[in-house]
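These protein sequence lines map, in sequence, to chains A and B.
First residue of the first sequence? That's 14 in the numbering used here, and the numbers climb one at a time after it.
First residue of the second sequence? That's 14 in the numbering used here, and the numbers climb one at a time after it.
Be aware that a few hints might be false.
Identical copies look the same in the list; a pair holds intra-copy or inter-copy alike.
Claimed, not checked - Capping the alpha-carbon separation at 27 Å, the derived lysine-lysine pairs in BS3-like fashion look like this:
id, residue 1, residue 2
1, Lys57, Lys218
2, Lys57, Lys36
3, Lys36, Lys133
4, Lys109, Lys95
No lab work stands behind these hints, which were simulated from the structure alone.
There are 2 protein chains.
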Amino acid sequence: MIFIKSTDTDFNENFQELLGRGKMDIAYVSSIVGGIIDEIKANKNKALFEHIAKFDNWTPKNDDDLKISQESMSKAYDNLDKALKDSLHLAYERIKLYHEKQKPKSWFDTEANGTILGQKVTPVDSAGLYIPGGKAAYPSSLLMNVIPAQVAGVENIVVCTPTPDNEPNELLLAACHLCGVDQVYKVGGASAIAAMAYGTQNIPKVDVVTGPGNIFVATAKKMVFGDVNIDMIAGPSEIGILADDSANPSHMAIDLLSQAEHDEMASSILITPSQKLADAVEKEIENWLQKLPREAIARKSIEERGAIIVTKDMDAAVSLMNEIAPEHLEVATMSPFELLPYIKHAGAIFLGHNTPEAIGDYVAGPNHTLPTGGTAKFYSPLGVEDFMKKSSIISFSSAAINEIGEECALIANTEGLTAHEQSVRVRLTK
Amino acid sequence: MIFIKSTDTDFNENFQELLGRGKMDIAYVSSIVGGIIDEIKANKNKALFEHIAKFDNWTPKNDDDLKISQESMSKAYDNLDKALKDSLHLAYERIKLYHEKQKPKSWFDTEANGTILGQKVTPVDSAGLYIPGGKAAYPSSLLMNVIPAQVAGVENIVVCTPTPDNEPNELLLAACHLCGVDQVYKVGGASAIAAMAYGTQNIPKVDVVTGPGNIFVATAKKMVFGDVNIDMIAGPSEIGILADDSANPSHMAIDLLSQAEHDEMASSILITPSQKLADAVEKEIENWLQKLPREAIARKSIEERGAIIVTKDMDAAVSLMNEIAPEHLEVATMSPFELLPYIKHAGAIFLGHNTPEAIGDYVAGPNHTLPTGGTAKFYSPLGVEDFMKKSSIISFSSAAINEIGEECALIANTEGLTAHEQSVRVRLTK
Chain A
14 MIFIKSTDTD FNENFQELLG RGKMDIAYVS SIVGGIIDEI KANKNKALFE
64 HIAKFDNWTP KNDDDLKISQ ESMSKAYDNL DKALKDSLHL AYERIKLYHE
114 KQKPKSWFDT EANGTILGQK VTPVDSAGLY IPGGKAAYPS SLLMNVIPAQ
164 VAGVENIVVC TPTPDNEPNE LLLAACHLCG VDQVYKVGGA SAIAAMAYGT
214 QNIPKVDVVT GPGNIFVATA KKMVFGDVNI DMIAGPSEIG ILADDSANPS
264 HMAIDLLSQA EHDEMASSIL ITPSQKLADA VEKEIENWLQ KLPREAIARK
314 SIEERGAIIV TKDMDAAVSL MNEIAPEHLE VATMSPFELL PYIKHAGAIF
364 LGHNTPEAIG DYVAGPNHTL PTGGTAKFYS PLGVEDFMKK SSIISFSSAA
414 INEIGEECAL IANTEGLTAH EQSVRVRLTK
Chain B
14 MIFIKSTDTD FNENFQELLG RGKMDIAYVS SIVGGIIDEI KANKNKALFE
64 HIAKFDNWTP KNDDDLKISQ ESMSKAYDNL DKALKDSLHL AYERIKLYHE
114 KQKPKSWFDT EANGTILGQK VTPVDSAGLY IPGGKAAYPS SLLMNVIPAQ
164 VAGVENIVVC TPTPDNEPNE LLLAACHLCG VDQVYKVGGA SAIAAMAYGT
214 QNIPKVDVVT GPGNIFVATA KKMVFGDVNI DMIAGPSEIG ILADDSANPS
264 HMAIDLLSQA EHDEMASSIL ITPSQKLADA VEKEIENWLQ KLPREAIARK
314 SIEERGAIIV TKDMDAAVSL MNEIAPEHLE VATMSPFELL PYIKHAGAIF
364 LGHNTPEAIG DYVAGPNHTL PTGGTAKFYS PLGVEDFMKK SSIISFSSAA
414 INEIGEECAL IANTEGLTAH EQSVRVRLTK
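With the rest of the complex left out, here is chain A (with noise of 0.2 Å):
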């Protein structure tokens, strides 16, 4: 863990090396999933078989055997304690109705000569959702790709994961029968984003893929983007926290631990005014790792990659926290909304002292899947909109045509287009 002091001399130095967190080199993996995808591409089913026998460790024994039955889906469901069941219903719940407010509509206006301009906005066909499987397998992960698919209104979803020793994970079924999911594939990594962007014999194609993964299925994402759309193209997760002497340090020491007990390669940032709430929050750090199962995982991501920084006021330290854009933002002061308007660059914005990051990634509403490494700058959160997409209306009157056209043929004939010039003028009345 870095202590350092925005009015370090080094403080930009050391500041820079945090901003470089989250940075995927997909340069290495690049040959090796561009040859996968070529390979699905060209044996289909045949290639994923392949695929499954040697990363998965075991083989199909045919194209139906891709395929989860719904039957074990619904077997998991009702084998789900009660509380557990219940939870999940919740988190359905709350999801569903937060992603129902933002979908987009359809509009439209009107203009006295008769000129009609909009806005369609439809889902897309048909949606591919990966999620991660065996042991890392989040059923919150399902939860949080399907709704926004289903709330999209798309008919076509299907979900791939990958399932070593064929084993599926019984939650990620349960959770799948929650849903309504019906197509859940075995297969996994950049195999599985290669089969739903270009179909196989069983495995549909798909316009839009989503969902999380490591560099293999992140490098897949980036390489089918054009042939179909893809959400993000996201990294390791992150926490940034700006607080004030109004902050509880063990529940900051807990909410950095949150994200860093999530992968090595994690980071947790502090940033704050006070020393006083930086030198505790260190202390409750080292008296909560040793309690966490994970404490391993947790320890090594806050030494190499989390910080504690203290800055000369709140002013400065939301100027850093823009620069940084993290993935989740804690905002645990005294008056959070305060600082909201201030704030430029998050995935997500949790406000107040009771509002932990981890409450956002199961059961608030706000999908968790969110942009990481500094690319909330220009990425959103994984929301509705991913799986719709708009056309433009047009419709003029004669009336219309008559008012303008001549402006819009000048500027054709300007353009060397008389063609499209022509179109213009044979609609002319006047």
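We have chain A; now place chain B onto it with these hints.
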């Protein structure tokens, strides 16, 4: 030009070939473009100077020489013919008005237990717009890229455009002045995309890169995607027309040719249930072709990539058009709005006999940067949202976290993430 009937026995084969239109094989330029990007990242302006010498046939004297002076833009504007100046102002105002209507708003909602959930929408800090230059420099492209960025509220707008022989296109300069753009650099191709994505001595690194271009530009955009956001990967222009007997064959012919004149690779497809209309349009195309200054390009395009398809009824025509998902779609029928609900995929939809596609290229208001090659199945027109991004807003009260914290902690525990669990539990007071 191919003439096919949807009832022909070999129809599917012919139609599949049509669907392959506009697919760009970027594999063969990838290594060249990758090399160009690496050079710009490593050597910045030094590499730019070399690329400009090679591709644009002049050598900048120094860094400042890359930038177009505001004086030259203002002079170009002053030199505009009055009618053209007024037409460009009309276009600017109408495009601005339309895009203002499309600007998304931040929103939030509250719950009785003190929860606040919402979404904050903010502009990106900086945008880089690529505008093709030389003879094919279109001032309309500048307007269509600059205005959505301005409406979004982007503070830092950078334009790159190639200037062969160091001779900027005067129309483009005038349009820059009209739009109030002041950072315009004489850099083209993949080099320009890389310069804006990674920054050089004087070209600022941006967050979003948009704009049309050839296959090198498109490939560069795909390669920098992830380090910056991009709008879409676009190919040759297209028009699809759905028409019935109420359509004027001469109008249909010139509308088809208005795409064909763009580019030999452009494609123009009429689908109609009327054999009579199909025959008449064919004759009118030949009549018009002989009158076009760009006859050679238009003829090659229409012969090699034009198509007239006759279907058994309008439903079949709409269904085929949805498979094509054209960039521009004209609906030239008696009651075009009756078909609107059934049109699923198109970049822009032009409804009725008085709405030629060209009106949307210049003055109607909606953006003319649209998804091509069937990508309207998942991409949207360029818009204000391409220059903005969202942050989720989450604020819980003590009552709120007490209400659903237990469920959250249980799911976190089930996923094996106990720091997540604890970060919620420490806030529970009931």
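A quick look at each hint next to the structure:
1. Taking the shortest alpha-carbon separations for lysine 57 and lysine 218, only the intra-copy value of 11 Å comes in at or below 27 Å, while the best inter-copy value is 40 Å.
2. Taking CA atoms no more than 27 Å apart as the test, lysine 57 paired with lysine 36 passes between copies only; the shortest distance there is 20 Å, against 32 Å inside one copy.
3. For the homomeric pair lysine 36 and lysine 133, the shortest alpha-carbon distance between copies (25 Å) is at most 27 Å, but the shortest distance inside one copy (37 Å) is not.
4. For the homomeric pair lysine 109 and lysine 95, the shortest alpha-carbon distance inside one copy (21 Å) is at most 27 Å, but the shortest distance between copies (55 Å) is not.
Violated hints for the displayed structure: none, as all numbered hints are satisfied.
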